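Residues per chain, in single letters:
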Amino acid sequence: MNPHRKIGDVILQAEAISLSFGGVKALSNISLEVREHEILSIIGPNGAGKSSMLNVINGVYHPQQGHVVYRGKTRERMRPHEAARQGIARTFQNIALFKGMSVLDNIMTGRNLKMRANFIQQALYWGRAQREEIAQRAYVEKIIDFLEIQHIRKTPVGRLPYGLQKRVELARALAAEPSMLLLDEPMAGMNVEEKQDMCRFILDVNDEFGTTIVLIEHDMGVVMDISDRIVVLDYGKKIGDGSPDEIRVNPDVIAAYLGGSH
Amino acid sequence: MAKLESIRPALVQESVADTFPKLLQAHARERSARPAMREKDLGIWQTWDWDEVATEVRALALGLSAKGFKRGDRLAVIGDNRPRLYMAIMAAQCMGGIPVPLYQDAAAEEMVFVLGDAEVSMAVVEDQEQVDKLLEIRDRLPALQAMVYDDPRGMRHYQHDGVYDMAEILGAGRIHHDEHPLFFQSMVDMGRGSDPAIMLYTSGTTGHPKGVLHTYDSMIITARNAANLEGLTEHEEVLAYLPMAWVGDNLFSYAQSLVTGFCVSCPESSDTVMTDMREIGPTYYFAPPRVYENLLTQVMIRMEDAGRFKYWLFHYFMNHARRVGTDILEGKPVGFWDRLGYKLGEYLVYGPVKNVLGFTRLKLAYTAGEAIGPELFDFYRAIGVNIKQLYGQTEAYVMVCVHPNDKVKPDTVGVPVPGVEVKIADNGEVLFRGPGTFHSYWQRPDATNETRNAEGWVLSGDAGYFDEDGQLKIIDRAKDVGRLTNGSLFAPKYLENKLKFFQHIKEVVAFGDGQDYTTAFINIDLTAVGNWAEKRGLPYTGYTDLAGQAPVYELIRECIEKMNADLARDPKLHGSQIRRFLILHKELDADDGELTRTRKVRRKFIAERYAPLIDALYDGSQVCSIDTVVKFEDGRSGQLRATLQIRDAKTYPAIVTEAA
Chain Y
19 MNPHRKIGDV ILQAEAISLS FGGVKALSNI SLEVREHEIL SIIGPNGAGK
69 SSMLNVINGV YHPQQGHVVY RGKTRERMRP HEAARQGIAR TFQNIALFKG
119 MSVLDNIMTG RNLKMRANFI QQALYWGRAQ REEIAQRAYV EKIIDFLEIQ
169 HIRKTPVGRL PYGLQKRVEL ARALAAEPSM LLLDEPMAGM NVEEKQDMCR
219 FILDVNDEFG TTIVLIEHDM GVVMDISDRI VVLDYGKKIG DGSPDEIRVN
269 PDVIAAYLGG SH
Chain G
29 MAKLESIRPA LVQESVADTF PKLLQAHARE RSARPAMREK DLGIWQTWDW
79 DEVATEVRAL ALGLSAKGFK RGDRLAVIGD NRPRLYMAIM AAQCMGGIPV
129 PLYQDAAAEE MVFVLGDAEV SMAVVEDQEQ VDKLLEIRDR LPALQAMVYD
179 DPRGMRHYQH DGVYDMAEIL GAGRIHHDEH PLFFQSMVDM GRGSDPAIML
229 YTSGTTGHPK GVLHTYDSMI ITARNAANLE GLTEHEEVLA YLPMAWVGDN
279 LFSYAQSLVT GFCVSCPESS DTVMTDMREI GPTYYFAPPR VYENLLTQVM
329 IRMEDAGRFK YWLFHYFMNH ARRVGTDILE GKPVGFWDRL GYKLGEYLVY
379 GPVKNVLGFT RLKLAYTAGE AIGPELFDFY RAIGVNIKQL YGQTEAYVMV
429 CVHPNDKVKP DTVGVPVPGV EVKIADNGEV LFRGPGTFHS YWQRPDATNE
479 TRNAEGWVLS GDAGYFDEDG QLKIIDRAKD VGRLTNGSLF APKYLENKLK
529 FFQHIKEVVA FGDGQDYTTA FINIDLTAVG NWAEKRGLPY TGYTDLAGQA
579 PVYELIRECI EKMNADLARD PKLHGSQIRR FLILHKELDA DDGELTRTRK
629 VRRKFIAERY APLIDALYDG SQVCSIDTVV KFEDGRSGQL RATLQIRDAK
679 TYPAIVTEAA
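For the protein sequence lines, the chains are Y and G, in the order given. Every position in the first sequence, counted from 1, becomes a number in the numbering used here once 18 is added. Every position in the second sequence, counted from 1, becomes a number in the numbering used here once 28 is added.
No lab work stands behind these hints: they were computed from the structure. Worth double-checking, as some hints may not be accurate.
For lysine-lysine, the following DSBU-like pairs were computed, each having C-alpha atoms within a straight-line distance of at most 30 Å [unchecked claim]:
| # | chain 1 | residue 1 | chain 2 | residue 2 |
| --- | --- | --- | --- | --- |
| 1 | Y | Lys172 | G | Lys391 |
| 2 | G | Lys534 | G | Lys435 |
| 3 | G | Lys614 | Y | Lys213 |
| 4 | G | Lys659 | Y | Lys213 |
| 5 | Y | Lys117 | G | Lys338 |
| 6 | G | Lys68 | Y | Lys172 |
| 7 | Y | Lys117 | G | Lys534 |
| 8 | Y | Lys213 | G | Lys68 |
| 9 | Y | Lys132 | G | Lys382 |
| 10 | G | Lys68 | Y | Lys160 |
| 11 | Y | Lys172 | G | Lys382 |
| 12 | G | Lys437 | G | Lys501 |
| 13 | G | Lys451 | G | Lys435 |
| 14 | Y | Lys117 | G | Lys563 |
| 15 | G | Lys437 | G | Lys628 |
| 16 | Y | Lys213 | Y | Lys117 |
| 17 | G | Lys451 | G | Lys338 |
| 18 | G | Lys338 | Y | Lys172 |
Quick partial rundown of chain G residues pointing at chain Y, CB under 10 Å, derived from the structure [what the hints assert, rightly or not]:
| # | residue |
| --- | --- |
| 19 | Leu70 |
| 20 | Gly71 |
| 21 | Arg181 |
| 22 | Ser297 |
| 23 | Val301 |
| 24 | Met302 |
| 25 | Phe660 |
| 26 | Asp662 |
Quick list of simulated restraints, FRET-style, between CB atoms [unchecked claim]:
| # | chain 1 | residue 1 | chain 2 | residue 2 | range |
| --- | --- | --- | --- | --- | --- |
| 27 | G | Leu70 | Y | Ser36 | 44 to 54 Å |
| 28 | G | Asp79 | Y | Arg218 | 35 to 45 Å |
| 29 | Y | Thr127 | G | Pro170 | 48 to 58 Å |
| 30 | Y | Gln214 | G | Pro402 | 39 to 49 Å |
Remember, predicted model here, so these are calculated numbers, not experimental data. The beta-carbon is built from N, C-alpha and C at its ideal position, and this holds for glycine as well.
Given these sequences and hints, build the entire structure.
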């Protein structure tokens, strides 16, 4: 792990979160903290509530009990676009890009929040709209360079292989200049080489922009390698929280993964 | 030698700039505002004019000098084609040092030998990847004092001694120039045409690579002769995308640019070359045969998927072009209606195809390194691309032979270029001498004397002969040419190339020296055979699976039998028709040491590694098992076990008599 990177204060606290869908308890009484500049992984078997947790942080789901404190402010009911405005960006387990649009245009949509020109100006591509687009495009080009996707700049996303689509999705999330990035299984379905590339990009993003990263991942090798801290969920409960070394020897975690008794 | 003498004095009078640094300064004076280099950065082409290049090179040279780079020192240059790396070559030459470009995709272990052998004292590299490699092997390179990286990305936390950001070196150089304004010019003026200018390592097909040392004279005269021959001017556009360590790139993207003053553009990344080609529209282009092959395959595959009308239109005009296109290109008389039809085809088919390939402005396209298929020549020349074969060697600073514009024969490499003499030794080996002949092998006088005899003739190591038009035909490496037990000539590469012209075959290794008959290993072309299999509804999971399927064996057998039938007509080689073959379960790969970095087959290595397969080819068995260790791109290795089928192919009686 990189010794130069400083892990800062807690920026997000989820306190005693419980979430249920009808009779299904997705999360029960979960508390966790995210610290500035860290890479936090949420792991757990299928159905453990990982994606639900991410959706709570993101404001997609509203917990029945408990609340989320983000940068000192308790969040009441918040919608995803407000989360985005506060600097939280995410990618999805199932890629959610505009398939018919080019890579460049997809990433440009990530800059949406930075645009100030009004509808008429945008429609006529005039005045402020034009100046803004040039500035935004310059930023997007930096991300394209950063993620090494120059060769597919103008390719429609639908024609790209899965691994590259994932990278484009990351690019779009980065375009919003987030201070916190939520990644839902960024490496699912990738081969070893693509996974290595993705790991490198995640570490680079964290290092270069100081972005706090919360990710869900199944590949234990990857998780143990890149995380500063790991939270383990099982059946909606938190069963572990600590550094990779601590998690590796945590008896509850071992039981959950190797199928001990519940 | 008479030819040579008549050229030398003329060149000296033409220009007093006898080194590249002096040429650079001349360009900065004479065409200061013309573009010298371009690079695409953040999606936009950035241009350096000659004046800017000269200023930047000066800063870099002085910066390196401030860190201890001295006259005669060697500077390693490692990375993709980047303007700053070309400038590093110029900078080293300004200081009287010798630049040593290395293959950027070589693993750290492979670099140890070259860096140690050249006793490199400094390295200018592209990025973090290359710095990491150098740091890994640094303790084995006592001479290496400093490394300078161009791209600072990911380098922020590196605190190793002797690792510098190029911006820092450039800054130091500028300060140095302010303090000692005369120093730089005095170093440039000290350079002489007879000084060593560059060291290029041979690919090392046999044994360790050797450093080939060239002087400014040999490079500048060769570059100028070739530019005059082909009529190159300062208005050419060139895309530099081939490895900088390769002699060809050094001639086409460096020496010729400095001799004529044309602009060199560097692609955004190695993956964007196709797009960048279209945007730049080069007028002068070099590519190894496989690039032309890939482009043609892509065009053909896309046409297969086109609608019926477009498909018909394409083939109708392509047939017309094949009939008259080459004659029109070579300026031969062609009837009015044929010309009109060709003109129409240019609008409807040839123009758009050339545009897609980025060939619209192309005046001259070279290829070299391997033989090139007749259908490739037919296709490109028919649509008006002047593609020509070039025969060259690192030891000759590339240029030995080239096709004349009006007589391009697919199976020859053309006629000797002005100033170069070529003759065939008694054993069939091709010898050459001329102005571009290398100075020496670095610290290997023994090897130098072995390769170049007392009269200055260089042994090319290739076997060949002149055909009835006086064009040179290369059949194989001289040492690889062997004989079957019945005495007939066996030239493996000749067979391999013939087979590789079939679109379904990617790589071939032929065996037969000292044996009763000829056999071969085949690598299928995954794109072409994959497409073929899809059309037939043949399911497959990957290369290994596809390669083992019976219909694929049938397909390859047909190719081999076609070649055998063709070979039966060859007066010298009809005895080496391939009788048995197998399809390898993995693609031959440079990472496994089976190919060189320039994708040449390492015959001896393969013969040792796959010895059980070769035995099986000759003991009549129908299947054979093999265990191989493969290296993945991430550096790990794994075991690959496979059982391979062996098949027979039909051979044909010789059609001509031995007397020919």
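Against the structure, the hints:
At roughly 28 Å between alpha-carbon atoms, lysine 172 (chain Y) and lysine 391 (chain G) fall within 30 Å of each other, so this suggested pair holds. The straight-line distance between the Cα atoms of lysine 534 (chain G) and lysine 435 (chain G) is roughly 28 Å, inside the 30 Å bound, and the hint therefore holds. For the hint linking lysine 614 (chain G) to lysine 213 (chain Y), the alpha-carbon distance of about 23 Å falls within 30 Å, and the restraint holds. With a C-alpha separation of about 18 Å, the suggested pairing of lysine 659 (chain G) with lysine 213 (chain Y) holds against the 30 Å cut-off.
Distance check on the hinted pair: lysine 117 (chain Y) and lysine 338 (chain G) sit about 27 Å apart at the alpha-carbon level, within 30 Å; holds. Under the criterion of a C-alpha separation no larger than 30 Å, the hint pairing lysine 68 (chain G) with lysine 172 (chain Y) is consistent with the structure, at around 15 Å. Distance restraint check for lysine 117 (chain Y) and lysine 534 (chain G): the Cα-Cα separation of roughly 34 Å exceeds the 30 Å cut-off, and the hinted pair is therefore not satisfied. Of the supplied pair hints, the one linking lysine 213 (chain Y) and lysine 68 (chain G) holds, its CA atoms being roughly 28 Å apart against a limit of 30 Å.
Of the supplied pair hints, the one linking lysine 132 (chain Y) and lysine 382 (chain G) is violated, its CA atoms being roughly 41 Å apart against a limit of 30 Å. Distance check on the hinted pair: lysine 68 (chain G) and lysine 160 (chain Y) sit about 13 Å apart at the alpha-carbon level, within 30 Å; holds. Taking the CA atoms of lysine 172 (chain Y) and lysine 382 (chain G), the gap is near 20 Å; set against the 30 Å cutoff, the hint holds. Of the pairs offered as hints, the one joining lysine 437 (chain G) and lysine 501 (chain G) holds, with about 10 Å between alpha carbons and a cut-off of 30 Å not exceeded.
At most 30 Å may separate the alpha-carbon atoms for a hinted pair to count; lysine 451 (chain G) and lysine 435 (chain G) meet this at roughly 20 Å. At most 30 Å may separate the alpha-carbon atoms for a hinted pair to count; lysine 117 (chain Y) and lysine 563 (chain G) meet this at roughly 27 Å. Distance hint between lysine 437 (chain G) and lysine 628 (chain G) is fulfilled; the C-alpha atoms sit about 23 Å from each other, no more than 30 Å. As the CA atoms of lysine 213 (chain Y) and lysine 117 (chain Y) are separated by approximately 22 Å, the hinted pair is consistent with the 30 Å bound.
Using a Cα cut-off of 30 Å, the hinted pair lysine 451 (chain G) and lysine 338 (chain G) is violated, with the two alpha carbons roughly 50 Å apart. Taking the CA atoms of lysine 338 (chain G) and lysine 172 (chain Y), the gap is near 25 Å; set against the 30 Å cutoff, the hint holds. Among the interface hints, the one on leucine 70 (chain G) holds; its C-beta lies about 4 Å from the nearest C-beta in chain Y, closer than the 10 Å criterion. Restraint check, glycine 71 (chain G) versus chain Y: the minimum CB separation of about 5 Å is within 10 Å; hint holds.
Given the 10 Å rule on beta carbons, the hint for arginine 181 (chain G) holds: about 8 Å separates it from the nearest Cβ of chain Y. Interface hint status for serine 297 (chain G): upheld, as the beta-carbon distance to the closest one in chain Y is roughly 5 Å, under 10 Å. A cut of 10 Å between beta carbons decides the hint on valine 301 (chain G): the least distance to chain Y is about 9 Å, and the hint holds. With its C-beta approaching chain Y no nearer than about 8 Å, methionine 302 (chain G) sits inside the 10 Å limit, and its interface hint holds.
The closest approach between the C-beta of phenylalanine 660 (chain G) and any C-beta of chain Y is roughly 7 Å, which is under the 10 Å cut-off, so the hint is satisfied. Checking aspartate 662 (chain G) against chain Y by beta carbon gives a least distance of about 6 Å; that is within 10 Å, so the hint holds. Look at leucine 70 (chain G) against serine 36 (chain Y): about 47 Å separates their beta carbons, and that is inside 44 to 54 Å. Separated by about 39 Å at the C-beta atoms, aspartate 79 (chain G) and arginine 218 (chain Y) satisfy the suggested range of 35 to 45 Å.
Taking the beta carbon of each, threonine 127 (chain Y) and proline 170 (chain G) are about 54 Å apart, inside 48 to 58 Å as hinted. Distance hint check for glutamine 214 (chain Y) and proline 402 (chain G): the Cβ-Cβ separation is about 43 Å, which falls inside the suggested range of 39 to 49 Å.
The structure fails hints 7, 9 and 17 (numbered hints given earlier, in ascending order).
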